[in-house]
Structures are given as structure tokens and as C-alpha cells.
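Put chain B on the given structure of chain A with help from the hints.
From first to last, the protein sequence lines stand for chains A and B. So for the first sequence, our numbering puts the first residue at 23; every next one is plus one. So for the second sequence, our numbering puts the first residue at 72; every next one is plus one.
Don't read these hints as lab results, they were simulated from the structure. No residue lacks a Cβ here, since even glycine has one placed at the ideal position from N, Cα and C. Where hints are given, some of them may not hold.
What the hints assert, rightly or not - One side only, chain A facing chain B, incomplete, derived with CB under 7 Å: (1) HIS34; (2) VAL41; (3) ILE42; (4) SER68; (5) ALA72; (6) TRP73.
Stated by the list, open to error - Far from chain B by the CB rule (all over 10 Å, computed), these chain A residues: (7) PRO38; (8) GLN45; (9) ALA52; (10) ILE76; (11) GLU86.
Here is what each chain is made of, one letter per residue.
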Amino acid sequence: MVSVRQQLDARHLLCPLPVIRVQDRIGRMARGEQLEVFCTDPGAASDVPAWCRINGHRVIWIREREGELAILIEVGGGER
Amino acid sequence: MSEQRKALALISGGLDSMLAARVVMEQGIHVEGVNFYTGFCVEGHTHAIRKRDRARPKRNNALWVAEQLGIRLHIVDVTEQYKGVVINPRYGYGANLNPCLDCKCFMVGKAVEWIEAHGFDFIITGEVVGQRPMSQRRDTMRTVVRESGAGDRLLRPLCAKNLPPTLPEREGWVDRDQLYGFSGRSRKPQMALAERFGLSDYAQPAGGCCFLTDEAYSRKLADLWQARGSREYELDDIMLLKVGRHLRPRPHFKLIIGREEGENNFLQGFRHRFIQLRTVSHPGPLALIDGEAGEEDWELAARITARFSSGRNAEQVELRVEEPQGAQRLLRVAPMSAEEVLPEWYL
Numbered sequence: 023m024v025s026v027r028q029q030l031d032a033r034h035l036l037c038p039l040p041v042i043r044v045q046d047r048i049g050r051m052a053r054g055e056q057l058e059v060f061c062t063d064p065g066a067a068s069d070v071p072a073w074c075r076i077n078g079h080r081v082i083w084i085r086e087r088e089g090e091l092a093i094l095i096e097v098g099g100g101e102r
Numbered sequence: 072m073s074e075q076r077k078a079l080a081l082i083s084g085g086l087d088s089m090l091a092a093r094v095v096m097e098q099g100i101h102v103e104g105v106n107f108y109t110g111f112c113v114e115g116h117t118h119a120i121r122k123r124d125r126a127r128p129k130r131n132n133a134l135w136v137a138e139q140l141g142i143r144l145h146i147v148d149v150t151e152q153y154k155g156v157v158i159n160p161r162y163g164y165g166a167n168l169n170p171c172l173d174c175k176c177f178m179v180g181k182a183v184e185w186i187e188a189h190g191f192d193f194i195i196t197g198e199v200v201g202q203r204p205m206s207q208r209r210d211t212m213r214t215v216v217r218e219s220g221a222g223d224r225l226l227r228p229l230c231a232k233n234l235p236p237t238l239p240e241r242e243g244w245v246d247r248d249q250l251y252g253f254s255g256r257s258r259k260p261q262m263a264l265a266e267r268f269g270l271s272d273y274a275q276p277a278g279g280c281c282f283l284t285d286e287a288y289s290r291k292l293a294d295l296w297q298a299r300g301s302r303e304y305e306l307d308d309i310m311l312l313k314v315g316r317h318l319r320p321r322p323h324f325k326l327i328i329g330r331e332e333g334e335n336n337f338l339q340g341f342r343h344r345f346i347q348l349r350t351v352s353h354p355g356p357l358a359l360i361d362g363e364a365g366e367e368d369w370e371l372a373a374r375i376t377a378r379f380s381s382g383r384n385a386e387q388v389e390l391r392v393e394e395p396q397g398a399q400r401l402l403r404v405a406p407m408s409a410e411e412v413l414p415e416w417y418l
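Just chain A, same shape as in the assembly (with noise of 0.2 Å):
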């Protein structure tokens, strides 16, 4: 089965902007989807999985490309 996947541009934003918007998208998700959040902020690759991990969601990678990252996110999909 393939999972429904959401996109989040949070590009430009600081530190917990990113963490904000992705804690409101995935507010509206449900449980097994996947949010793919860009970012250019480097705290977010930090931010972003510890809002995960004491949530209950879970990253699938981290990926960085000239200056900006990409993270995939499976909602409820972490140990809580």
C-alpha cells in the first residue's frame, strides 16, 4: 500500500517557525501518512525530530542538498 504523502514548504523560515508548521500540518493528518518539510533553517534537522520523538511521529531520513533539508515524516508512526 502507498502511503499518502503531504508536502511542507518551510523554506526560509527560523527556528520554531518550521517546528510550527509542521506540528499544524501533521495536526490535520492522519495516523500513518507522511509529510515530506523542506528547510533551510539547520536547527530544523535538530527541531524538527525532537517535536517528533515526544510526539509520537517518527523520521524516515534526513536528507541535505545544497543548503537545504528535507525530512520525511510518518505521522503516529514513533513510540511514545
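Same frame as chain A, now just chain B:
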């Protein structure tokens, strides 16, 4: 079986709010955290912008605290609503443009809205009587209780024994005997309690977690308001005050000059809103002109910008001036000497 009671803790990322939440968790209460983003939070911004700071490990302290405690954290964007607190504080400012008492009333008030919307029973803060000159005095802590609308749903576990019993204490949801009676500015009781809980790594931000307590930042914000003849601001405005050198050589415009590559890159993102200058004949900064500068002002702006380039001792430096609509022009100017850049221009 008794009902599981739920509390919302205001988590700043510092030690006191962490301890307050932990003390209540110890009593079997379900605790979740909330952190309000005002736009003035010191958290991480200069770290994100300045390239030289990126080598240092980065963490969001509020998220880190929540993770240590094992609780959920809700980060709430209050930047728009917070403007009223900064622009027109009922209880005035502290030493700088910090409206600490209004801020505390506002944040506890937002927490009240949150618990009412989510079915939580009470609110926790890490306040300590006598800890802060404005917002943490016995009288002003009563003001927070009243103005926020929290009433007796606001529990301050670190100093509860110095205050009248609150709803969770009276109802027996928490045992007052297991709360604390801290007071004053000493940090020793908190540090001892942290040790008891096995917490050795916690943030101790010098000067607090808000840019409004910073003298230099407040001076730049006051200048912005004066120059515009209005106290209105947008999020971009208050972000830019955190970045670069700010010089106002004329009343009708100021320059924001990047100090290093990371800041130049950040300022580049504002090219559609401001006229920008960039040295092309020599390595140098990117500068933005904020204000009503006409073409007659560009040479002055260019000479100042050239002063901060590696061509500062050259006879001429060439710069590209780019308007927000994209029109470009090259200027050749003599860089200002150090003496010509007047000290009173620096904000």
C-alpha cells in the same frame, strides 16, 4: 478510581519551568507543556543565521526539556496577538522594552484558553516569589492570577507554600506538603532540587530568553518606531533587528550591514523589500537600506558599506545597487574613513 487530572506547564526551556513540571509529575498528574513563540525569543535565531555559530551544537531548549521530562510540548505561534503586549503594555516596560508583567499575564491567559479548549484542569509555571523585579513579586504575581483569568487554577509548585492554596491543592489533586517554598533571587534551592531529580544539564540563559530584555535590541526597536512614527511592526522587522550592524546616517533611512556570510545570505532574502547594496570590486558585505532613501542618498550608503568591505583602504570601491523591482546600477565611491563613520550613527 479517581479521575486522572491534567495540567499544562508553561515551558520556557529554563530550569525553573522544568522543575515545576517535574514536581507535579511526581504526584501522578498528567502534564503536557506549552511554549509560546512571540518573535522575540532568543532561541536559536542568531545561531541559525550566523555561519560562524553553526559549528556549535544547536538545540531548542523547550523541546529538549520536554524530551527530558517525557511530556508532549505544544509550540504556539502568538506573534500577531503579542504585538498588543509590546506596543501598549498596561503595566509598562522594565529596564528596556521588556513588558514582563503584561507578558506573563498574556501567556498565562493564553494557557487558560488552551486548558479550557483541551479539557485540562490547571496550569503550572516555574515562577518563584521575589525572583524577578517586575513579574515575580508577591503583588505582581497576584496581578497575573487576576489579569490572566486563571484564578486559583494557576499553581506555582516551586513557591506554592508561600502563596494561598490553589484549586489543585484544595481539591487534593496535588499534595501541598510536597510542593516548595522557594523565594528570592538565589538559584541554590533550584540547583539542589535539580540534583535531587538527577538533572545536571539545563539551560541557564544569560539575560533571559527574550530579546526585549536586551539593551541594544531595545534601542534598535525604539529607533525603528521613532523613524516610522508608529509602533506597528511585522515579524520581518523584528527579525532584522537581530541581524547585522545597524547605522542611521540620516533620519529618513538606516543601513543594515551584514557582518559575515551567514548574515549576508539572510539579508539577501529581503531583496524584494529593500534596496540592497553589494560590493563587487572587493569582497564585502551585503547592506539593506531601510527607509525612504532617494538616489541622492545612495552614494552615502555606498560609501558607508564600502567602509566595511576589504576595499576600505582602496581609493575606489564599486558596488551594485539593486532596487526591489530588480533595477540595478553600479556605483564607484570612495570608502569612508573610520573617522567619517560617526559613532552616533550606530544603533
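Structure-based check of all given hints:
Annotation: interface hint on HIS34 (chain A) holds; nearest CB of chain B at approximately 6 Å, less than 7 Å. The interface hint given for VAL41 (chain A) is met, as the beta carbon of that residue sits about 6 Å from the closest beta carbon of chain B, less than 7 Å. With its C-beta approaching chain B no nearer than about 5 Å, ILE42 (chain A) sits inside the 7 Å limit, and its interface hint holds. For SER68 (chain A), the interface hint holds, since its Cβ comes within 7 Å of a Cβ in chain B; the closest pair sits about 6 Å apart.
For ALA72 (chain A), the interface hint holds, the least distance from its beta-carbon to any beta-carbon of chain B being 4 Å, beneath 7 Å. Hint status for TRP73 (chain A): holds, given a least beta-carbon distance of 6 Å to chain B, under 7 Å. With 10 Å as the threshold on Cβ separation, the claim that PRO38 (chain A) sits away from chain B is violated: the shortest Cβ distance comes to roughly 5 Å. Chain B draws GLN45 (chain A) into its interface by the beta-carbon criterion, the shortest separation being 6 Å against a cut-off of 10 Å.
Annotated as non-interface, ALA52 (chain A) keeps its C-beta farther than 10 Å from every C-beta of chain B; the closest such distance is 19 Å. Distance check on ILE76 (chain A): its Cβ comes as close as 5 Å (rounded) to a Cβ of chain B, failing to clear the 10 Å threshold; non-interface status is violated. The claim that GLU86 (chain A) lies off the interface holds: its Cβ sits roughly 13 Å from the closest Cβ of chain B, which is beyond the 10 Å cut-off.
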